[in-house]
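Each chain, written out:
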Amino acid sequence: MAVSVAPKAPAATAKVNRRSKGGGMAIAQRRAGLLFVTPYILFFLILQLAAFVFAIWVSFHHYDLLALDNPFVGLRNYARLTVNQDFLIAMRNTTEYAVVVVILQTIFALLLAVLLDSKIKGRNFFRSTWYTPSIASSVVISMIFLYVYHPTGLLNSILGLVGIHTTEAYLQSTTWALPAIMFLNIWTTAPTFMLMFLAALQDIPREIYEASAVDGASAVRKLFSITIPLLRPIIFLVVSLGIIGAFQIFDQAFIMTKGGPLKATLTVALLIYQNLFQDTGFVGVACAEAIVLGIIIFALTLISRRVIDTKIEY
Amino acid sequence: MSITGKTLEPELNTPIAVASMTGPRREQREKRESEDSTERVNRLEVVVRYALYIVITLFLFVPFVMTVLSSFKTSAEVIAFPPTILPSVWHPENYLNVLTQISGFPRMVFNSFFVTLMVVALNLFFDSLVGYAFARLEFPFKNTLFAVMIATMVIPGFVFIVPRYILLLNAHIVDTYFAFAVLYFLQPAYILLMTQFFKSIPRDLEEAAIVDGLGWFGIFWKIILPLARPALLATGILTFAGMWNNFLDWIIYMQSPTMQNIQLGLVSFRGQYQNQWNLIMAGSVLAILPILIVYVAGQRYFVRGIATTGMK
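Chains as they are written, first to last, in the numbering used here: chain F, 8 to 321; chain C, 16 to 327.
Hints in this document: simulated from the structure, not taken from any laboratory.
One thing to keep in mind: the hints can contain errors.
Claimed, not checked - Reference listing, derived: stretches of chain C covered by chain F, where coverage requires no fewer than 3 residues with Cβ under 8 angstroms from a Cβ of chain F:
#, segment
1, 209 to 216
2, 286 to 299
Stated by the list, open to error - What the simulated footprint calls covered on chain F by chain C, stretch by stretch (three residues with Cβ under 8 angstroms from a Cβ of chain C suffice, anywhere in the stretch; the number is not a length):
#, segment
3, 39 to 47
4, 59 to 70
5, 134 to 140
6, 249 to 256
7, 302 to 310
Quantities reported herein were computed from a predicted structural model and do not represent experimental measurements.
The beta carbon of each residue, even a glycine, is placed where N, CA and C say it ideally should be.
Chain F on its own, in the form it takes in the complex (with noise of 0.2 angstroms):
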């Protein structure tokens, strides 16, 4: 692409040259404006519109990736989904997966950007040690995990020094599988939520938090009648941010558990990749199930934002 592109633009300037040379000022700006902007078209038509309106047709196709002939199939594809048990199961465990994840990481994001957001000495080192869990791929982080969680790895040493002897094979576990790898996501997705509380924080005038200390207000009333009302925009990005991440949890479950065990970890995501590559014929089901997550996805976010405009007044 920058091969094609590169040498082709110094000849369009010239054209844009000769023209405002010549008076055509605003033609030259919205040529080049358009030029320039051509990446972004193309960028949206074919990866975005095409693909999008793509994805809706062959999910209303019996669609094998090798076949010759696709037949019509109207809304079959959606129709199984109500019925699949897999789908269902992956549905209930990536709703309770986002539930979960996307309130206690935002908690936890607003409590470190709330404790950096403080006269302390050795901020910029807390800041960044609190990062690091957000620079690790998913890969390193599920490898790291896999040790954690092993029966006698991290977790269960430290459960040892606190006197609680078990040898608990977490992700080997229908009850314990689940929260494992929740758990493994808020911790690494916290941090990056928390350098946007922490941007947002800084731009909070210090003088509405003097004027309140001369009114005696605790820390804690300080937060809730403060510090989060200020923050409900970035509270609502945060929170739509992490509905969209969540709801596509694909990674971990992928590479920790497989989806096991007894589909205890099978998600959306991950159906939806094994009916692409593993099940034959399964390619029109994959992209409902796709459209399907996508439609949930979208309606939680409009959710999301009518709650938190509404429920906390100033």
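With the hints as your guide, set chain C onto chain F.
Relative to chain F, chain C alone:
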């Protein structure tokens, strides 16, 4: 996604924040002579606060320390019970064994670096070019296009996976580096970041250049880009992080064993040798090292970029 309405400031610490960090502590020292009761309460509060900070630091950082220490142990010692903290015997040769025992490891490192740097280069050019047009130039459908870009940023990526896969399959670029160039040559989040940055640059310089007869591309290339260093660094560093850490796209669009990146390589290695804990840990350290270096070197751009875009 995300518009926090912020511009990218090169400095993270405002003078106010720095000043307020030293102020109260100095006061405290001066007051130390008079050991009154409020002073004791303050001290207790400081101790409790620091205890909390240290607990959180341990909570978020200890797994990494243990990973590094484990990478020098024997695989039996990693999961030994009762556990050890420091390796009883240090085995730095684990790192050499990663290179020899994970088949194709050098190729994976090359794939990771090549694709990451290629995508970074493409984004530095295209994100800033499009961002400049949105920030400064007047052209038909500009506002519509910009609104479309913001709106489509919230569409979850999984919706696009199947159609993009079929598209790339039919274009015969699945399993080639070119797939990443097509999918990631620009990223709307960073176009937005660049747009916001360009809006914060004063117009005077461009106006002078227009009078000089420098064309729009010349203005962008010679005048604007050199000023955009902080935003370019943020875009470059965040793109580097995103591509280096990418797992999902590699598992979907790349299929042959020679087309794995270091992340996928670690997963396949772990799939084959579940009990080689020391090598899995050493491989993880190697996989995190480049991104750690980039993070430490460009921390303030990294931090500002995330605060602005919410993207990692």
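Right, here's what the structure says about each hint:
1. 209 to 216: Result for this restraint: violated, n = 0.
2. 286 to 299: Coverage by chain F holds for the segment 286 to 299 of chain C (5 residues, Cβ < 8 angstroms).
3. 39 to 47: holds (count 7)
4. 59 to 70: With 4 residues close enough to chain C, the hint holds.
5. 134 to 140: It holds: at least three residues are needed, and the segment 134 to 140 of chain F offers 7 whose Cβ sits within less than 8 angstroms of chain C.
6. 249 to 256: Held - the segment 249 to 256 of chain F has 3 residues with a Cβ nearer than 8 angstroms to chain C, which meets the minimum of three.
7. 302 to 310: holds (count 3)
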